[in-house]
Amino acid sequence: MNSIAILILLALAGLVLILLAWVAGAYNGLIRLRNQVENAWSQIDVQLKRRHDLIPNLVETVKGYAAHERATLENVIKARNMAVAAKTVGEHAEAENILTGALKSLFAVAEAYPNLKADQTFLRLQEELASTENKVAFSRQFYNDSVMAFNTRREVFPTNIIANLFNFTRREFFEVKEEAQREAPQVKF
Amino acid sequence: MWEQIQANRRRSAVLILGMAFVLLTLGYIGGELLMPGAGLLGVGVALVIWGIQMAIYATGAQSLLLQGAMAREIQKEDSPRLFNVVEEMAIASGLGFIPKIYLVEDPAPNAFAVGRTPGNSAVIVTTGLLHRLNRDELQGVIAHEIGHLKNRDVQFMTLAAVLLGSIVILSEILWRSLRLGGRGRSRSASRGGGQAQLIILLVALLLVVLGPLLAQLLYFACSRKREYLADACSAQFTRYPEGLASALEKISRTPLTVSFASKATAPMFIVNPLAAAGGAGLFSTHPPTEERIRILRSMGGASLGAYEAAFRKTRGGSLIGPQSLRDSPSASIRAPSGEGPIESNVDVKFISRRALGYLRLRCNCGLEISIPEGYEQNTIRCIRCGSTLPVPSVVAPPLPPVASPVSEATDAAPLQYTRTHKGWESFRCACGRTIQLSPSFAAPQIRCGGCNRRIQIV
Numbered sequence: 001m002n003s004i005a006i007l008i009l010l011a012l013a014g015l016v017l018i019l020l021a022w023v024a025g026a027y028n029g030l031i032r033l034r035n036q037v038e039n040a041w042s043q044i045d046v047q048l049k050r051r052h053d054l055i056p057n058l059v060e061t062v063k064g065y066a067a068h069e070r071a072t073l074e075n076v077i078k079a080r081n082m083a084v085a086a087k088t089v090g091e092h093a094e095a096e097n098i099l100t101g102a103l104k105s106l107f108a109v110a111e112a113y114p115n116l117k118a119d120q121t122f123l124r125l126q127e128e129l130a131s132t133e134n135k136v137a138f139s140r141q142f143y144n145d146s147v148m149a150f151n152t153r154r155e156v157f158p159t160n161i162i163a164n165l166f167n168f169t170r171r172e173f174f175e176v177k178e179e180a181q182r183e184a185p186q187v188k189f
Numbered sequence: 001m002w003e004q005i006q007a008n009r010r011r012s013a014v015l016i017l018g019m020a021f022v023l024l025t026l027g028y029i030g031g032e033l034l035m036p037g038a039g040l041l042g043v044g045v046a047l048v049i050w051g052i053q054m055a056i057y058a059t060g061a062q063s064l065l066l067q068g069a070m071a072r073e074i075q076k077e078d079s080p081r082l083f084n085v086v087e088e089m090a091i092a093s094g095l096g097f098i099p100k101i102y103l104v105e106d107p108a109p110n111a112f113a114v115g116r117t118p119g120n121s122a123v124i125v126t127t128g129l130l131h132r133l134n135r136d137e138l139q140g141v142i143a144h145e146i147g148h149l150k151n152r153d154v155q156f157m158t159l160a161a162v163l164l165g166s167i168v169i170l171s172e173i174l175w176r177s178l179r180l181g182g183r184g185r186s187r188s189a190s191r192g193g194g195q196a197q198l199i200i201l202l203v204a205l206l207l208v209v210l211g212p213l214l215a216q217l218l219y220f221a222c223s224r225k226r227e228y229l230a231d232a233c234s235a236q237f238t239r240y241p242e243g244l245a246s247a248l249e250k251i252s253r254t255p256l257t258v259s260f261a262s263k264a265t266a267p268m269f270i271v272n273p274l275a276a277a278g279g280a281g282l283f284s285t286h287p288p289t290e291e292r293i294r295i296l297r298s299m300g301g302a303s304l305g306a307y308e309a310a311f312r313k314t315r316g317g318s319l320i321g322p323q324s325l326r327d328s329p330s331a332s333i334r335a336p337s338g339e340g341p342i343e344s345n346v347d348v349k350f351i352s353r354r355a356l357g358y359l360r361l362r363c364n365c366g367l368e369i370s371i372p373e374g375y376e377q378n379t380i381r382c383i384r385c386g387s388t389l390p391v392p393s394v395v396a397p398p399l400p401p402v403a404s405p406v407s408e409a410t411d412a413a414p415l416q417y418t419r420t421h422k423g424w425e426s427f428r429c430a431c432g433r434t435i436q437l438s439p440s441f442a443a444p445q446i447r448c449g450g451c452n453r454r455i456q457i458v
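Chains as they are written, first to last, in this note's numbering: chain A, 1 to 189; chain B, 1 to 458.
The following block holds chain A by itself, in its conformation from the complex:
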């Protein structure tokens, strides 16, 4: 009689231990994914900042060859300043879209100046900006992938119990409006 009670107690204790181990595992998994999301976000930030830092140099270089393309140059500067001032994820996405469009029209204008196109500094800046744009896109891709993995994990059974218990909130995607990028929008203030 006594030994059966002990056995049942032991089994219960074992079950509780297994449950605790699972809770710990699920919790740690969620934390790891959340950290990955945050790291990915800071990587986007690094690349955006680099892009903002490159633009004044580019504008200076272009001014040397094509000073009377004032409107285009001013658009780039304005778009850059707006992007620097952006706060929320949504604002960031919109400002960066406008900046991408402004840069595209700047590079289109540069096509008309053979001397500018042959300038070593300009070529290097062009490659750096193009690559920084790729890096922004790739870090956004990694961020969205991480958010996707995190959100899925947060919602599926049984990890959703842990997620709700410890208040893991849903993360926002970094969306880009494809059309906005293609048509190189006019910046109006």
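No lab work stands behind these hints: they were computed from the structure. Here a beta-carbon is modelled for each residue, glycine too, at the ideal position from N, C-alpha and C. Please note that the accuracy of each hint is not assured.
[To be verified] Cross-link-like lysine-lysine pairs, in silico, DSS-like; alpha carbons within 30 angstroms at most: (1) A/K87 to A/K117; (2) A/K49 to B/K349; (3) B/K422 to B/K349; (4) B/K100 to A/K49; (5) A/K104 to B/K422; (6) B/K349 to B/K76; (7) B/K313 to B/K100; (8) A/K117 to B/K422; (9) B/K76 to A/K104.
[Said to hold, decoys possible] Beyond 12 angstroms from chain A on every Cβ pair, some chain B residues (computed): (10) L15; (11) V203; (12) T257.
Given the coordinates of chain A, assemble chain B onto it according to the supplied hints.
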């Protein structure tokens, strides 16, 4: 991605434990056979062989490989576009660090990754690869190599290769000593318990013959699986499977084999560097290239799930674990970038020469002359126009007349070099070392890497 690493790690642990078990059992049975009661001694011998092999790999294998290949680390100024491609893929994969980049002068297009820790991780590309592939193709190749780094394939394949080597060595030793000691044992067997010993002997023989074979099959199967996985990662990182597919096609079509590759290093390359035709079979480190291309081209998206579907359709069986598939987002294929080769044939040669320490000089007739380190004369004759050119070297600035001509004083006097143009420029230090100045170099002085003296740049 992390889930995939974890699933990989579990599978790898099982495989490594299995191989270690084969090795130690081989040691035990061998010991018992050669000298009854010496089973543990045999295990000890097996462990010692393993330890020695491990130590050799851990200390020198990577630097030996890089030295043997004459691989030189290059900096961002050498090839900004190549660096950007690597940085982009490191970001896309969430690797967390940027691997170093080495360049090897070899016309055969190929690439591989090395490194067990973030600090010594590197991607190595050949000059042939750089001027043959366009940006999208190179991106696919680099993403494949970064996939290897992300999945910790280098660590795992090194460990597996060491175990495999130890098993092969041990079974070789056993095989030889069994043949030599065969007569001695038949005498002891007749003394009693003959049948039991015969069975043990048979099992041992089976293990000695089959053990290494089995281990090899496992090793190669694992190597091939990791190639497929790295392909899947490449498609996911780049969102453009066609880039890698077309790169693989170009690489496998080039009838050149990499001169510095060996059997031991073959699993690290993107395409088997030894078999020009991409040989298939159970004892191959890489899956058949045509099959890899077919899988990549039949992908309906760019996610791990799309690769899994294409893999099932083309080859059958499954590759990626269910958890990674669930976490992997759906992703569509992007449009090609349309950019051309990273570097031209001529540029890539100069980058490689620069990394190897050549001094580059342009004659008035337009000929580019490369002077290796160790050339001692102060002038060189142009082989095209025959004019004699001075080798650009540092000069000591004119000393004030009161300066005493003591050797210490001349040693301390700052050396000086006057720049002639704004592009890449190289000159010789007083100690004979070649110093390269990049177009973006703007500091007032530079330290010589050979004698550590400061040189003023004017």
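Item to check | Structure versus earlier hints - violations, ascending order | outcome: 1, 2 and 7
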